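Student: Here is how the chains run, residue by residue.
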Amino acid sequence: MKGENNFFSFRGQLIYGCAAILTVLVAFPFLWMIATSFKPLNEIFVFPPRLLPQDFTLANFERLFDQTRFLTYFKNSLFVSFATVVLTILIGSAGAYSLTRFKFYGREKIASLILFTYMFAPIMIIIPFYVLIKKMGLANTHLALIMAYTAFCLPFSLWLLRAFFQSIPLTLEKAALIDGAGRIQAVIYVILPLALPGIIATSIFTFILAWNDYIFVRVLITSDELKTLSVGIADLYNATVIDWGMIMSGGMLITVPVLIFFIFVQRYLIAGWGAGGMKG
Amino acid sequence: MKLSPPQTGILLIAPSILLIGALLVYPVFYGVWLSFFKKHSFFAEQQFVGLANYVYLLQNPEFWMSVWYGTVYSVSTIVLQIVIGVIAALIVNESFQGRNLVRGVILFPYVIPTVVAIILWKWLLNNQFGLVNYLLRAVGVIEDPVSWMGKDHIMTSLIMISVWEFFPFVVLSVLARMQTIPPTLYKAAQVDGAGPIRRFIHVTLPQLRNVLFVVILLRSIWMFTKFDTVWLLTQGGGAEKYIRTLPVYAYMRTFMYYQAGLGSTLAVIMFVILLVTTSIYFKMFRREEEI
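Chains as they are written, first to last, in numbering that gives the first Met the number 0: chain G, 0 to 279; chain A, 0 to 290.
Quick caveat, the hints were computed from the structure, so don't treat them as lab data.
Hints are not guaranteed to be accurate.
Unchecked claim - Which residues of chain G face chain A? A few of them, derived with a C-beta cut under 8 Å, are: (1) Asn4; (2) Ser8; (3) Ala26; (4) Pro48; (5) Gly91; (6) Ala180; (7) Gln265.
Note that this is a predicted model, so its numbers are computed, not measured.
Glycine included, each C-beta is placed from N, C-alpha and C at the ideal position.
Could you put the whole structure together from the sequences, leaning on the hints where they help?
Tutor: Below is the structure:
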C-alpha cells in the first residue's frame, strides 16, 4: 500500500511521536510494576522514585510464596481455565459444525438468539445464578466456575467458530465423502485442520475470559484453597498493611507469562478479533 | 439406528442450547421472578412482595445516585474510548518501524486481569508514594499531592483507568476495518484536493460507520454493566460511595446486605434500561446492510 513514513518529514515525525507516546502510556505501568517487584522495601518508598532497582532483590517473591497461597491460586486458575477451554471447544465446535453443515427448523433463530446472549454481562445474571447454584448444591466448587465460564464463552465461541467453518468450502468435504470417507473421518481429516486457526483463536479468548474473571470467583467460591488468582491477588490488597512489593510481584507473575504467550499467538488473536471474539 | 441429517444437526447443537438456555437465559427469567420476592441471599425462604422492591428503589435516593454515577461513568468512558481508540487506530494503521510491536503492546491493558490493572494504577496513583503525583509535582502542574482515591477525584481516576483498560478493544476492531478500505478511495480524494482532515471525514469515517455502530453498541452495554473495575477500585479507599454505579449497587445489596430480591430487581432494571436504550440506538442509526 503506502511506503514507510520517512522519519525526517514532518508527517513522519508526527507519526513516530504519537506512536511513542501511545506505547509509553500503555506499557509504562507494566514496566513500573516489574521494577517495583524487584525492589527492596526501602527503595519502593524512596523519594524521588527511581525506575531501576539499585539493589535487585527477590525478597518480594519469597514473601509472596511463603506468606500467601499464591501457588494454590495459580494451580486453581490453570485448572479452571483449561477445563473451560476444553469444554467450550468441544461443545462449541459441535454446535458451530451443526449450524454450518446441517439444515433444520429454527437454525437461523438459534443463531440470532446466540448472538443476543453474547451481549450479556455477568452482573445481569450473577444473582439468580448464585441462588440456582446454591440450590443445586454446587456453591464453592470449581465445577460451578467451569459451568459459568463455559456458558459465558459459548455464545462468542459459537459465533467465531461458525465464521471459521463457513469459510471452509463444502466441496472439500463432499470430495472426501465421495472418496469413501465417513462423515467423522471427513471432519477429522478435512475440516479440523482447516478450522485449526479458528479453534486456536477461540481457545485464547476463552482462556482469557476464564483466567481474568473476578466476579464469579468472588461470589461462588468461599474456601481460600479453592480461590483463583484474581480474587487471591485482590485479597492481598485488602490486608491491613499493604505490602506493595509483594502485590506487585504477584501482579507480575500472573501477567508477564500471559503477555509473553500473547506475543507468540498474536496473529490468531487478531484473526479472531474481526469475527467478534472478545467480550468484557 | 441411523439419524437423518436434521436430527444429527439438532443433536450437535443441543449441548450448546442446553447450556446457554439453562445458565444464561433461564437465570434472566428467574431474576425477574426473584425481583417480586423478599429473599435472603443465603437462606431458602422467600416472601412474595409484588412490586414492593421496585417501589422501594424508585423512592430511594441511593438508587438514583447510582443511576447518575453509572450514567456519568459509562457515557464518559465510552466517548473517550472511541475517540482515543480511533486516533490510536489511525496511528498504528500508518507504516513505520516497529509497527507490529506497537500493535501488540496496545493490546496489553485489555488482556490482563482487571485486578492487575487496578493494583497497578492504585500504586501509580498512591497519594504519598505514587509516581503520578511525583511527576505532576516535578513538572509543576500541582503543588500538593492529589488524593486520587479521595472523594473528589475517584470518579476521574476510575474513568482514566477504565479508558486505559478498554480502549484497545476499539483500536483492534477499528483497525481491522481500516485495513480493508481501498487505497484508491484516498487517491481519488487526494486528486480532488482533499487534505488529511477532509480525507478522514469524507473517506475514513463513512467506511468505519458500520464497525463503529457495533463497537459503540458493545462497549456501551459492557461499560454500563461493568462491575469488577469499579468494585475493585473502591476497595480500601473509603470513597466507595462516589463511584457506586448500578452494578456495584446491585452487588452490595445482594452480597453485603443479603437482599437477593432487591439485588435481582436492580439487575432487572439494568436489563430494561439497556433494552430501551439499545432499541432507540438501533432505530436511530441502524441501516439495512448492518450485522
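Student: Take the hints in turn and mark each one as holding or not.
Tutor: Here is what the structure says about each hint:
no.: 1; hint: Asn4; in the structure: holds (5 Å)
no.: 2; hint: Ser8; in the structure: violated (12 Å)
no.: 3; hint: Ala26; in the structure: holds (5 Å)
no.: 4; hint: Pro48; in the structure: holds (6 Å)
no.: 5; hint: Gly91; in the structure: holds (7 Å)
no.: 6; hint: Ala180; in the structure: violated (16 Å)
no.: 7; hint: Gln265; in the structure: holds (5 Å)
Checked against the numbered hints above, the structure breaks hints 2 and 6 and satisfies the rest.
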